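Engineer: Next come the chains, spelled out residue by residue.
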Amino acid sequence: MVCLKRVVDYNVRIRVKDDGSGVVTDGVKMSINPFDEIALEEALRIREAGQPVEVIAVSIGPDDCQQQLRTGLAMGADRAILLETDTEVEPLAAARALLKLVEREQPDLVLMGKQAIDDDNNQTGQMLAALWNRPQATFASRLEIADGRATVTREVDDGLEVISIELPAVVTADLRLNEPRYVKLPDIMKAKKKPLERQNLAALGTDMTPRLRLSKYEAPLPRQKGRMVANVDELVSALRDKGFFN
Amino acid sequence: MMTTSGMLIVAEHNGGNLNQSTARCVTCATSIAGARIDVLVLGHECSTVAAQAAALFGVHRVLTVDRPENAAPLAAVLAPQVAELAAGYGYILGPSTTFGKDLMPRVAALLGVGQISDLMAIVGPRAFQRPVYAGNVIVTVEVPEGLKIVATVRTASFKPTPDGGTAEITQARVDAALPSHTSFVELRAGGGGARPDLQTARIVFSGGRGVGSEGNFALLYALADRLGVAVGASRAAVDAGFVPNDMQIGQTGKIIAPDLYIAFGISGAIQHLTGIKDAGLIVAVNKDAEAPIFQVADVGLVADLFQIIPELEKKLG
Ligand SMILES: Cc1cc2nc3c(=O)[nH]c(=O)nc-3n(C[C@H](O)[C@H](O)[C@H](O)COP(=O)(O)OP(=O)(O)OC[C@H]3O[C@@H](n4cnc5c(N)ncnc54)[C@H](O)[C@@H]3O)c2cc1C
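Same order as they appear, the protein sequences are chains C and Z. Per this note's numbering, the very first residue in the first sequence carries number 730; after that it's consecutive. Per this note's numbering, the very first residue in the second sequence carries number 39; after that it's consecutive.
Bound conformation, chain C alone (with noise of 0.2 Å):
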């Protein structure tokens, strides 16, 4: 099972709405979130090393997060599923949501991005795998499976921790996992014919109820303009009178 976001793209420029009650998305182009894609790039190879695995595409949002469903059809899963909902859901929510597909999904692996790229909030992933009582293995730059057990690589702040991990499992993809596929036209005319289950998130029956209140959004402070120099000698006398290298 693959996790998918459906955000703002990566290069769009982020405004921030007048009122300060969210950002603009109106006509901004969406994306499946890029560690997202990581993770559903890797689902596919173990599936295509020769596992005999289903690939499901799960996303919690709007209608609209069909097309990024669609869009992951087209890269290779099998079929999808929307939990659909016009209300945001916080990462607890999502992850209550989602254990309810695990538990009738049944998955040998739970593969999301490690965070996604509009709250920044690198929280679905360790909440489903408390929550589902099961390992977690986040920022993996590289995933082995054998036996029933994973073995996953992870970037961490003093290099690369390898840890041993028994499945099922919850693993969050960092950036160096792998790089996604495009998708081919072809793919994306298959993709129409695959099923996408839609489902009201509701109707799920989890607490939904928000913990936290987001009540302003704003633009940070800009740095003030800064100042050309035109050489090396110029460089190190404005170094030394902010007084470095002295």
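Please note that the accuracy of each hint is not assured.
[To be verified] Distance condition first, Cα-Cα at most 30 Å in a straight line; then the derived DSSO-like pairs of lysine-lysine: (1) K315/Z <-> K325/Z; (2) K746/C <-> K945/C; (3) K954/C <-> K325/Z; (4) K954/C <-> K197/Z; (5) K923/C <-> K758/C; (6) K954/C <-> K352/Z; (7) K758/C <-> K971/C; (8) K922/C <-> K746/C; (9) K758/C <-> K746/C; (10) K829/C <-> K922/C; (11) K913/C <-> K923/C; (12) K197/Z <-> K971/C; (13) K352/Z <-> K325/Z; (14) K945/C <-> K315/Z; (15) K758/C <-> K913/C; (16) K919/C <-> K758/C; (17) K758/C <-> K353/Z; (18) K945/C <-> K197/Z; (19) K352/Z <-> K315/Z; (20) K758/C <-> K945/C; (21) K315/Z <-> K746/C; (22) K829/C <-> K746/C; (23) K353/Z <-> K325/Z; (24) K315/Z <-> K353/Z; (25) K829/C <-> K923/C; (26) K353/Z <-> K971/C; (27) K954/C <-> K353/Z; (28) K352/Z <-> K971/C; (29) K954/C <-> K829/C; (30) K923/C <-> K945/C; (31) K197/Z <-> K315/Z; (32) K197/Z <-> K758/C; (33) K758/C <-> K921/C; (34) K971/C <-> K325/Z; (35) K758/C <-> K315/Z.
These are computed hints drawn from the structure, not numbers from a lab. These numbers come from a predicted model, not from an experiment.
Dock chain Z with the ligand against chain C, hints included.
Structural biologist: Only chain Z with the ligand this time, still in chain C's reference frame:
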């Protein structure tokens, strides 16, 4: 007047030494008025770490849970212990490092609450600011009364608290069952070597795709080593295999706040800039006068880095 209830800070350490991120969390905690601050050290044979935590100014008490299962920082093993010990606290904080990012959401879920990731500023006892959209937007997050506050603290936003504390150290008891489904295999140290640590260094030199190769990075290392400064990199340099992953700075790498940051051959993508915007002085050397990094640099030099680095070595070294 309402006072806030106690705070528990989960210490980050490597068994032998407390990570400086913990002292930064203490500073964050002391800025939330009225709270008593305890530090939790989960480890094995970690009395040195506990003593270091007890010496941090502002810490009231250090709790230790010393058991072999805690030898490696596995989130699945640590989280139930933190969640159990969280019972008496209103705030549970950890650093927004890979350690805290891995662990704290697992704790929050066990407690049935949300998490504030990358807490960067305090608006009130229950209101905080954090960056979203790669730092392009700052959002204020409020936590309703009655819910525990779990957060990871954006370490670059807070200075480490100084030493000078004399907290008592006590052993804490936990009954939580610990899972055996996760085991630590190894830690392969990154590229820093004997160089200063990126997250605590006062001065950082950084190289991007413009440096061109792993071999060329030797030029930057030579200059950095001569001056005793840390070395970082852009994602492009890491992806290209010039340097190891733990040198990456930015949205998905390390967030740093050195006094001086010099970028060589880095274009200044937003995902990179979010990692350095708290730096005191940002200097950019790039041969393209149009590179976006010049929009944020305090001092910019349009030039070829291969010419500039040897000259700097001569004039500064
Ligand atoms: C989801 C996501 C997350 C990301 N996270 C991060 C992150 O955490 N950190 C990060 O850094 N990036 C991140 N990126 C990537 C980011 O968008 C940029 O691609 C990356 O920062 C570019 O690195 P660069 O500046 O080294 O390379 P480039 O953009 O290719 O720039 C190279 C620069 O070097 C200059 N140059 C070339 N030769 C010389 C020379 N001889 N002398 C002087 N200058 C020279 C060029 O003029 C150019 O400006 C992320 C991207 C995505 C999509």
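Engineer: Run every hint past the structure and note whether it holds.
Structural biologist: Results of checking the hints against the structure:
{"no.": "1", "hint": "K315/Z <-> K325/Z", "in the structure": "22 Å, holds"}
{"no.": "2", "hint": "K746/C <-> K945/C", "in the structure": "10 Å, holds"}
{"no.": "3", "hint": "K954/C <-> K325/Z", "in the structure": "19 Å, holds"}
{"no.": "4", "hint": "K954/C <-> K197/Z", "in the structure": "25 Å, holds"}
{"no.": "5", "hint": "K923/C <-> K758/C", "in the structure": "24 Å, holds"}
{"no.": "6", "hint": "K954/C <-> K352/Z", "in the structure": "29 Å, holds"}
{"no.": "7", "hint": "K758/C <-> K971/C", "in the structure": "43 Å, violated"}
{"no.": "8", "hint": "K922/C <-> K746/C", "in the structure": "38 Å, violated"}
{"no.": "9", "hint": "K758/C <-> K746/C", "in the structure": "16 Å, holds"}
{"no.": "10", "hint": "K829/C <-> K922/C", "in the structure": "26 Å, holds"}
{"no.": "11", "hint": "K913/C <-> K923/C", "in the structure": "16 Å, holds"}
{"no.": "12", "hint": "K197/Z <-> K971/C", "in the structure": "20 Å, holds"}
{"no.": "13", "hint": "K352/Z <-> K325/Z", "in the structure": "20 Å, holds"}
{"no.": "14", "hint": "K945/C <-> K315/Z", "in the structure": "21 Å, holds"}
{"no.": "15", "hint": "K758/C <-> K913/C", "in the structure": "20 Å, holds"}
{"no.": "16", "hint": "K919/C <-> K758/C", "in the structure": "23 Å, holds"}
{"no.": "17", "hint": "K758/C <-> K353/Z", "in the structure": "48 Å, violated"}
{"no.": "18", "hint": "K945/C <-> K197/Z", "in the structure": "26 Å, holds"}
{"no.": "19", "hint": "K352/Z <-> K315/Z", "in the structure": "29 Å, holds"}
{"no.": "20", "hint": "K758/C <-> K945/C", "in the structure": "23 Å, holds"}
{"no.": "21", "hint": "K315/Z <-> K746/C", "in the structure": "23 Å, holds"}
{"no.": "22", "hint": "K829/C <-> K746/C", "in the structure": "35 Å, violated"}
{"no.": "23", "hint": "K353/Z <-> K325/Z", "in the structure": "20 Å, holds"}
{"no.": "24", "hint": "K315/Z <-> K353/Z", "in the structure": "27 Å, holds"}
{"no.": "25", "hint": "K829/C <-> K923/C", "in the structure": "22 Å, holds"}
{"no.": "26", "hint": "K353/Z <-> K971/C", "in the structure": "16 Å, holds"}
{"no.": "27", "hint": "K954/C <-> K353/Z", "in the structure": "26 Å, holds"}
{"no.": "28", "hint": "K352/Z <-> K971/C", "in the structure": "19 Å, holds"}
{"no.": "29", "hint": "K954/C <-> K829/C", "in the structure": "51 Å, violated"}
{"no.": "30", "hint": "K923/C <-> K945/C", "in the structure": "41 Å, violated"}
{"no.": "31", "hint": "K197/Z <-> K315/Z", "in the structure": "15 Å, holds"}
{"no.": "32", "hint": "K197/Z <-> K758/C", "in the structure": "38 Å, violated"}
{"no.": "33", "hint": "K758/C <-> K921/C", "in the structure": "21 Å, holds"}
{"no.": "34", "hint": "K971/C <-> K325/Z", "in the structure": "24 Å, holds"}
{"no.": "35", "hint": "K758/C <-> K315/Z", "in the structure": "26 Å, holds"}
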